[in-house]
Amino acid sequence: MERLTELRMNTIRVSCVVGIAALIVGGVAGGVRGKNQSKSSARRGETMTGRVVSSDGRPVFGAIVSARKVGARAFEVRRTGADDKGQFRLDGLRPGAYDVQAEAPGYAFDDSTADRRYYRAGDSVMLTMLKGGVITGSVTNEFGSPVIAVSVTAIRVRDEEGRPVRGSAMADTDDRGLYRIYGLLPGSYVVAANHGRFRPSPAYKNMAPTYHPSATRDTAAVVRVSAGLEVGGIDIRFLGEHGHTISGRLTGDVSPLIHHVTLTHVASGSVAAATYSGTREGGAFSFSGVPDGEYTVTAERRGVGNDVGARSGARRVTVKGADVTGLELSLGPLGSLAGKVVLEEAGDEPVQKNKCQGDSPSAPGETVIVARRDTTDDKAEGPFMLGSPLDTAPSDDGEFFVGNLEPGLYHLDVRLRNEGWYTRAITRSLSSKSSIDIGTSGILIRSGERAAGVTVTIARGAAVLTGRVLATRQSALETLRVHLVPSEPEHRDSALRFFEARVQDDGSFSLSNIAPGRYWLVARVASRDPSSEAYLPPEAWDASKRARLWGDGKARGIGVELQPCQQVSDYKLRHVGSRRSAPR
Amino acid sequence: MRKRGHDIDPVSREVALKGLFAVRIVWAFLLLPSATITEMPGAPFAPGLSASTFPSQMGVTQSTASVGGRVTIDGKAAPGVLMTLTAGPRVQGEPVATSTSDIAGFYKLTAVPPGQYVVTAYAPAYLASSDGRLGAAITTVTVSGDESLNRIDLTLVRGGVVTGRVTDAHGQPLIAEQITLNRVDESGRTQPFRALNAPMVRTDDRGVYRAYGLPRGRYTVGVGADTSRIQAEPDFDRAYYLRTFHPDATDEARATIVEVTLGRETAGVDIKTGDPVRTHSVAGVIVQSETGKPAPNTRYGCALVSEDGRLLGVPGRVEMNDSKGEFRLGGLLPGRYFAYAVLNSQDPNFSLPVPFQVSDEDVEGIEVKLYRGSSIRGTIVPDSASAPGAMAVLSQISLWATPATIDFRVSRLGSDNRIGPEGSFTIVGIPPGKVRLGLGRTPTPVPGLAITRVERDGIEQPEEIEIGPGEELSNVRVFVAYGTAGVQGQIRVEGGELPKNARVVVTARRLSSTGGRHEVPAQADARGRFRIEGLTTGEYTLTAEVQQAPGRTATSPLVTASKTVNVVNGTETQVTIVFEATRKEKQ
Numbered sequence: 000m001e002r003l004t005e006l007r008m009n010t011i012r013v014s015c016v017v018g019i020a021a022l023i024v025g026g027v028a029g030g031v032r033g034k035n036q037s038k039s040s041a042r043r044g045e046t047m048t049g050r051v052v053s054s055d056g057r058p059v060f061g062a063i064v065s066a067r068k069v070g071a072r073a074f075e076v077r078r079t080g081a082d083d084k085g086q087f088r089l090d091g092l093r094p095g096a097y098d099v100q101a102e103a104p105g106y107a108f109d110d111s112t113a114d115r116r117y118y119r120a121g122d123s124v125m126l127t128m129l130k131g132g133v134i135t136g137s138v139t140n141e142f143g144s145p146v147i148a149v150s151v152t153a154i155r156v157r158d159e160e161g162r163p164v165r166g167s168a169m170a171d172t173d174d175r176g177l178y179r180i181y182g183l184l185p186g187s188y189v190v191a192a193n194h195g196r197f198r199p200s201p202a203y204k205n206m207a208p209t210y211h212p213s214a215t216r217d218t219a220a221v222v223r224v225s226a227g228l229e230v231g232g233i234d235i236r237f238l239g240e241h242g243h244t245i246s247g248r249l250t251g252d253v254s255p256l257i258h259h260v261t262l263t264h265v266a267s268g269s270v271a272a273a274t275y276s277g278t279r280e281g282g283a284f285s286f287s288g289v290p291d292g293e294y295t296v297t298a299e300r301r302g303v304g305n306d307v308g309a310r311s312g313a314r315r316v317t318v319k320g321a322d323v324t325g326l327e328l329s330l331g332p333l334g335s336l337a338g339k340v341v342l343e344e345a346g347d348e349p350v351q352k353n354k355c356q357g358d359s360p361s362a363p364g365e366t367v368i369v370a371r372r373d374t375t376d377d378k379a380e381g382p383f384m385l386g387s388p389l390d391t392a393p394s395d396d397g398e399f400f401v402g403n404l405e406p407g408l409y410h411l412d413v414r415l416r417n418e419g420w421y422t423r424a425i426t427r428s429l430s431s432k433s434s435i436d437i438g439t440s441g442i443l444i445r446s447g448e449r450a451a452g453v454t455v456t457i458a459r460g461a462a463v464l465t466g467r468v469l470a471t472r473q474s475a476l477e478t479l480r481v482h483l484v485p486s487e488p489e490h491r492d493s494a495l496r497f498f499e500a501r502v503q504d505d506g507s508f509s510l511s512n513i514a515p516g517r518y519w520l521v522a523r524v525a526s527r528d529p530s531s532e533a534y535l536p537p538e539a540w541d542a543s544k545r546a547r548l549w550g551d552g553k554a555r556g557i558g559v560e561l562q563p564c565q566q567v568s569d570y571k572l573r574h575v576g577s578r579r580s581a582p583r
Numbered sequence: 000m001r002k003r004g005h006d007i008d009p010v011s012r013e014v015a016l017k018g019l020f021a022v023r024i025v026w027a028f029l030l031l032p033s034a035t036i037t038e039m040p041g042a043p044f045a046p047g048l049s050a051s052t053f054p055s056q057m058g059v060t061q062s063t064a065s066v067g068g069r070v071t072i073d074g075k076a077a078p079g080v081l082m083t084l085t086a087g088p089r090v091q092g093e094p095v096a097t098s099t100s101d102i103a104g105f106y107k108l109t110a111v112p113p114g115q116y117v118v119t120a121y122a123p124a125y126l127a128s129s130d131g132r133l134g135a136a137i138t139t140v141t142v143s144g145d146e147s148l149n150r151i152d153l154t155l156v157r158g159g160v161v162t163g164r165v166t167d168a169h170g171q172p173l174i175a176e177q178i179t180l181n182r183v184d185e186s187g188r189t190q191p192f193r194a195l196n197a198p199m200v201r202t203d204d205r206g207v208y209r210a211y212g213l214p215r216g217r218y219t220v221g222v223g224a225d226t227s228r229i230q231a232e233p234d235f236d237r238a239y240y241l242r243t244f245h246p247d248a249t250d251e252a253r254a255t256i257v258e259v260t261l262g263r264e265t266a267g268v269d270i271k272t273g274d275p276v277r278t279h280s281v282a283g284v285i286v287q288s289e290t291g292k293p294a295p296n297t298r299y300g301c302a303l304v305s306e307d308g309r310l311l312g313v314p315g316r317v318e319m320n321d322s323k324g325e326f327r328l329g330g331l332l333p334g335r336y337f338a339y340a341v342l343n344s345q346d347p348n349f350s351l352p353v354p355f356q357v358s359d360e361d362v363e364g365i366e367v368k369l370y371r372g373s374s375i376r377g378t379i380v381p382d383s384a385s386a387p388g389a390m391a392v393l394s395q396i397s398l399w400a401t402p403a404t405i406d407f408r409v410s411r412l413g414s415d416n417r418i419g420p421e422g423s424f425t426i427v428g429i430p431p432g433k434v435r436l437g438l439g440r441t442p443t444p445v446p447g448l449a450i451t452r453v454e455r456d457g458i459e460q461p462e463e464i465e466i467g468p469g470e471e472l473s474n475v476r477v478f479v480a481y482g483t484a485g486v487q488g489q490i491r492v493e494g495g496e497l498p499k500n501a502r503v504v505v506t507a508r509r510l511s512s513t514g515g516r517h518e519v520p521a522q523a524d525a526r527g528r529f530r531i532e533g534l535t536t537g538e539y540t541l542t543a544e545v546q547q548a549p550g551r552t553a554t555s556p557l558v559t560a561s562k563t564v565n566v567v568n569g570t571e572t573q574v575t576i577v578f579e580a581t582r583k584e585k586q
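Protein chains in written order, with numbering that gives the first Met the number 0: chain X, 0 to 583; chain B, 0 to 586.
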């Protein structure tokens, strides 16, 4: 009966929702709040706060901050906007580790995987953005007349330090043929009109791109961009030449999800065009306006949840005066790696006696495990996963899983939440009785392999060592790294006992999560390989570099013994030259 | 204060024209809905050809019909302009044919299947003088049989330019903010203007914007979030600049109107905004009204309503509540809203919109209740004049009951209330009140199908059927017309001309065999050609009505003419309707 009365009342309201809605809404304004709504209260879950500032320390108002939950089986991102003080706040977060990034028009955020930091719910986060560089110019035709509404793309080919990178930004020309591309990261760029992109503009789709100044990719001029500065006069004389079509079909492990199909220019190694396909497109893909040249075509799908992802091999294509059709890119599933993080509670006696700072057990999900692939023989393969980090975080019971692994040798980079813990061992069980150490050698993932049985053992009692390198020249600090090399012979070949840290501009360095023991301290110039990707793997992951480090440590290193939970601060390390260190 | 324009200097103008002509293969890319830019593998895009054509559908015999004409600027030939022919009257899908104008400005689009099309000259910064209101160089044509249309000419004119700088209250530039231009008509009302062949206008890193290719007219120029719409990113809270018009008006009525003249640049149209406003979230729970228990995994949405409770714009996106029945939706600017559940079409429940107000903080504690709805059962019957195969078509679609007094489309999802093989149907979850029956997913009509009459227990029902709380209406018969007859028509004008910028709308009407009405409208193209499809066998009265452009504002019939025609399913009948250029009707 009560329901009927309620319904009758609502009958009146429904039939009058528009007609008498003024009444209803008027009621809201007049004080219906008490009935229908209440004031804000704190959301359940944890909070992350922080600030977004530019490199000169000024707040970046309106920056959009996104926090991706690491290890979530579905893509889980929370976003918010920074206020006029650059401050932001994310409430209601699930416990765990987050990859936090910022974007703001006119600014650039270096999200390369090199030194990606992870944050936890509850952290206070400081994100620094660079005032982006600007490239401006005009696009004209052979008569010097403006080309209107053509897209111009600035393709970042190297970072400030000369390492190859991928990335691009674009803008259209206006009715005067002028363009202005802004928010650029510092580095080297080539600039092209009508460069291929995900949705090629049908307007110029059969035309080949023209690079600044009026060139093909092989002869494109390089434009150097610095943060916050404008480079003008990057004019393009548009050739308007017809290109050719490269088309084909994806076969094999194709799903309705997005498959990125990438055309890479072999000689330069840069992306010539990108598109996408999937079962909805019947697996078909096509690049139009491709100029003559040598290319590779690859297709890949980033897996989410139970999908481990898929990719094809790099298919070599030569375009010479004709279309290339009927390509088949066969996708195979990518590999995955599953395992468990084990907390070793029962340690040595001294550990139990020492109450380490920051060794309270943290939620397993706050540990981040990054799978890092040895990329030294990777050049012919083209891009992979568009730079996506292969990171994960364990579930509450310590289980972890990471997919999207292409074949290769992987090391696990374990990022621990608390300073009081260290990674004691990383093993893979071969049977119920035997297991092998993969902390040093890494783990080889074959094509489509689903590797399981990995155990990451973490233990209490880690030491911390912070200090400062005293160098005779400031410039010597810029590429310096500090290494801790185990001096105990039984650990000389254990990569988990080697630690390294970059020396900051002010000479400071910080090493944490160190296994207690005896070490040599070595400061030396980072091995620089201009052809390497932005990420420099720890030297100890390479057997020969590890041996060299051990040799250096033994010959010139300074001995230091770190007790369980010991916190050494203000350590002064004198550096007198390349690959040299001296006692303080 | 009016902005004074200055002429785009003759040199720039000449240079710009050359730039336009240098473009050899270009498409009206912004006319294509992004969702339809999918390319068939191996589609014959023939590089190197100055003209290419390809069939619009696989397996269709190639037509010998063609559309051609001349493109000119200021009476002079415009060579090298890419012309495209795309299905119309609203531009849909990939072009059916493309061609580039020759040295004398002539173009020819060949192998055109019969149908209605839009001819587009891809010429950013230019407009067709005949239809400049759209901000694109386009005209519509109807092609039948294997005819050759050779006089589809386009005269291009350089559009106007508006440029300026946008700064905040502290003089800092607003970067990457979208600029909106609203056209102001003679009575002072504004309509959003969107150039069809120019990119979206945004400020750059200096706050500078430049809108070009604009039709002549009076505009307001604005920036910032439109508070009459739910923002595009409802999943998080951030700050927005509220819509501000040149020079610094938050009320459009107080904006300074900018005069745009063809071929001229109006500079200094700067905008200064106030401080940004932060969005907030709404949180609550969806419950069963009967039990008070939470209704988990239920979709919901929020709609913005005006001060007098009218639904504003398009409802925001649909989300799902959690396993406890709770929801939270962010991204709401200050304003009045309805929260409602969005139910599947087979769900016997309905929800009532719950009003709430967002001001300067998050809103909590909203309770959306689900009520047991009423139902309508019955049979759908094709009338005797319908073409064969009506039942097969009906079995592919759904019948909907839409409350007459609220836009209920916001709260129903799915299309699984399909009509059964014998024409049976059941519609559930109907809120009490007046409802209207509709075929397919409104507002998209199903071609050739129309409801002509609704009966209950043999008695004709009004267009809006009254249904009480929990009532189960049965024995309802819905008569439909399914037609495959067509009319191919030509409007002729004798003794004068139709008013400039006028359009002719032709409506075919008849009484169905069940006593219901059947009406199908169509619009004639620039040459007076029209095509009406989906008629059933029988006698129709065609009424042609001349309406005043522009299309969106209220139209008033100036002249009408009519003609009676007999049509047969599966055939097309030719007809000519003659106007005398006076205000009296002519048979």
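Honestly, the hints are just simulated from the structure, not real lab data. Remember, it's a predicted structure, so these values are computed and weren't measured experimentally. You may find that some hints are simply not true.
What the hints assert, rightly or not - Once the Cα atoms are required to be at most 30 Å apart in a straight line, the calculated DSS-like pairs of lysine-lysine come out as: (1) X:K84 to B:K433; (2) B:K368 to B:K271; (3) B:K75 to B:K107; (4) B:K368 to B:K323; (5) B:K433 to X:K130; (6) B:K292 to B:K271.
To be verified - Derived DEER-like restraints, expressed as beta-carbon distance ranges: (7) X:T278 to B:K323: 49 to 55 Å; (8) X:D373 to B:P347: 28 to 34 Å; (9) X:M169 to B:E496: 43 to 49 Å; (10) X:M125 to B:G170: 22 to 28 Å.
Claimed, not checked - Among chain B residues calculated to face chain X with C-beta under 7 Å, some are: (11) A103; (12) F105; (13) A124; (14) D236; (15) R376; (16) P446.
From the three backbone atoms N, C-alpha and C, an ideal C-beta is built for every residue, glycine too.
Hints, one by one, checked against the model:
Note on K84 (chain X) and K433 (chain B): the hinted pairing is violated, with a Cα-Cα distance of about 53 Å set against a maximum of 30 Å. Restraint check: the Cα-Cα separation between K368 (chain B) and K271 (chain B) comes to about 44 Å, which exceeds 30 Å; the hinted pair is violated. Taking the CA atoms of K75 (chain B) and K107 (chain B), the gap is near 18 Å; set against the 30 Å cutoff, the hint holds. With a C-alpha separation of about 14 Å, the suggested pair K368 (chain B) and K323 (chain B) falls inside the 30 Å cut-off, and the hint holds.
Only pairs whose Cα atoms come within 30 Å are accepted, and K433 (chain B) paired with K130 (chain X) is rejected, the gap being roughly 59 Å. For the hint pairing K292 (chain B) with K271 (chain B), the CA-to-CA distance comes to about 50 Å; that exceeds 30 Å, so the pair is violated. A beta carbon spacing of about 35 Å between T278 (chain X) and K323 (chain B) contradicts the range 49 to 55 Å that was offered as a hint. At roughly 60 Å, the beta-carbon separation of D373 (chain X) and P347 (chain B) lies outside the given 28 to 34 Å, and the hint is violated.
For M169 (chain X) paired with E496 (chain B), a C-beta distance near 47 Å keeps the hint of 43 to 49 Å intact. For the pair M125 (chain X) and G170 (chain B), the beta carbons lie near 27 Å from each other, so the given range of 22 to 28 Å is met. The interface hint given for A103 (chain B) is violated, since its Cβ lies 19 Å from the closest Cβ of chain X, which is over the 7 Å cut-off. For the restraint placing F105 (chain B) at the interface with chain X, the shortest Cβ-Cβ distance is roughly 21 Å, beyond the 7 Å limit, so the hint is violated.
Interface hint status for A124 (chain B): upheld, as the beta-carbon distance to the closest one in chain X is roughly 4 Å, under 7 Å. Taken as an interface hint, D236 (chain B) checks out: its beta carbon lies about 6 Å from the nearest beta carbon of chain X, inside 7 Å. Among the interface hints, the one on R376 (chain B) is violated; its C-beta lies about 20 Å from the nearest C-beta in chain X, farther than the 7 Å criterion. The interface hint given for P446 (chain B) is violated, since its Cβ lies 24 Å from the closest Cβ of chain X, which is over the 7 Å cut-off.
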